[in-house]
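Since chain A is already given, all that's left is putting chain B on it; use the hints.
There are 2 protein chains.
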Amino acid sequence: MQVEEAIRMKRAVRVFQDKRLKEEHVRAILNAGRRAQSAKNQQPWQFLAIDDPKILADLSELGTYAGHLAGAALGVAILTPDPAQRWSIMFDAGQAAAYMQLAAWDLGIGSCPATIYQPEDARELLGFPEEWHIRVALSFGYPDDEEELTQAPASGGRKELDALTHWNRWGS
Amino acid sequence: MQVEEAIRMKRAVRVFQDKRLKEEHVRAILNAGRRAQSAKNQQPWQFLAIDDPKILADLSELGTYAGHLAGAALGVAILTPDPAQRWSIMFDAGQAAAYMQLAAWDLGIGSCPATIYQPEDARELLGFPEEWHIRVALSFGYPDDEEELTQAPASGGRKELDALTHWNRWGS
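Going down the list, the sequences are from chains A and B.
Residue numbers for the first sequence follow my numbering, so the first one is 9 and each next one is one higher.
Residue numbers for the second sequence follow my numbering, so the first one is 9 and each next one is one higher.
So that you can see chain A by itself, here it is in the shape it has in the complex (with noise of 0.2 angstroms):
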């Protein structure tokens, strides 16, 4: 898929089907989000891939709105050193999950970002040390509705350029 389609398409999918990915796709998806730049090249992250139902399932319960993990076929857990440490960690992970995302679309697989609203339960689901922090995994899986993949965008998603540009100096 051209990267212009890419962007212009992707979309938010939730509801996934009961099938596992490929191998090949989840080391895709994964290698997408290593070559992500970072703040001095620090690459300030750590992957948790999960494909265990339960493991996922678990993890659902941790977010408000998370519940998308649980029929997840793959989450990946974005760790990063303490957020609260500098503003570039976070906006680094950022750069790491759209680089994921985009390259899940490209292969025809949804995804969607949940918050961990109980970092310290996930911390303990999962085993990692006090070093790391997590405040969002990410859903990966083919779209239940298969029709998600080529739908149009939706109108009004999003402002329109207009409303959020300025040309040389605020306001102009």
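Don't read these hints as lab results, they were simulated from the structure.
Please note: incorrect hints may appear among the correct ones.
Identical chains blur together in the list; that is why a pair holds if it fits in one copy or across any two.
[Claimed, not checked] Okay, derived cross-link-like pairs now, DMTMM-like style, lysine to aspartate or glutamate, Cα gap no bigger than 20 angstroms in a straight line:
hint, residue 1, residue 2
1, K30, E154
2, K48, D90
3, K167, E139
4, K167, E13
5, K167, E155
6, K48, E69
Model, not experiment: these values are computed from the prediction.
Frame of chain A, contents of chain B only:
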């Protein structure tokens, strides 16, 4: 360009040709950022697109490694609500940056982020109000060294996948 190729090949470009971008390409870049997903679809950003060389030169002095902005054909300052409000603000900004930079790469346009270390000076320069904040601006332009567009990724530039991936639980 295919998504996979763009993600694999995109590299930071910091030295640009002295050549303006086509207006349709500027709009394509901004539109890509506009399309990025965000927590609760809040779209927590305004884009300040800068092609005035004097403003770019002044902005380039407000960060230690921001010199590349002075030679850019286009700078895009990403304005957000106060990043201290919630981690998702800069996570979302990172996704918008990734989309803009991939869309640019697809058009043969290089880019690089710059940290703005003196945000209050930037506020004065760019004239944006108190409720908006700047941490980062992106440089865009045609690479001075056009081979950068087709060079293979530098080996050792990113950690190996096995060094940052765990399966189902930390350490496995």
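Evaluated hints:
Proximity of K30 to E154 under the C-alpha cut-off of 20 angstroms is restricted to the intra-copy arrangement: shortest distance 17 angstroms within a copy versus 36 angstroms between copies. In the homo-oligomer, the alpha carbons of K48 and D90 lie at most 20 angstroms apart inside one protomer (17 angstroms), although the nearest pairing across protomers, at 23 angstroms, exceeds that limit. In this assembly of identical chains, the alpha carbons of K167 and E139 lie at most 20 angstroms apart only when taken from different copies (19 angstroms versus 38 angstroms within one copy). Within a single copy, K167 and E13 get their C-alpha atoms as close as 19 angstroms, which meets the 20 angstroms cut-off; across copies the closest is 29 angstroms, which misses it.
In the homo-oligomer, the alpha carbons of K167 and E155 never lie at most 20 angstroms apart, since the shortest distance is 24 angstroms inside one protomer and 36 angstroms across protomers. Taking the closest pair of Cα atoms, K48 and E69 come within 20 angstroms of each other only across two copies (19 angstroms); inside a single copy the shortest separation is 35 angstroms, beyond that limit.
Consistency note: the structure conflicts with earlier hint 5 alone.
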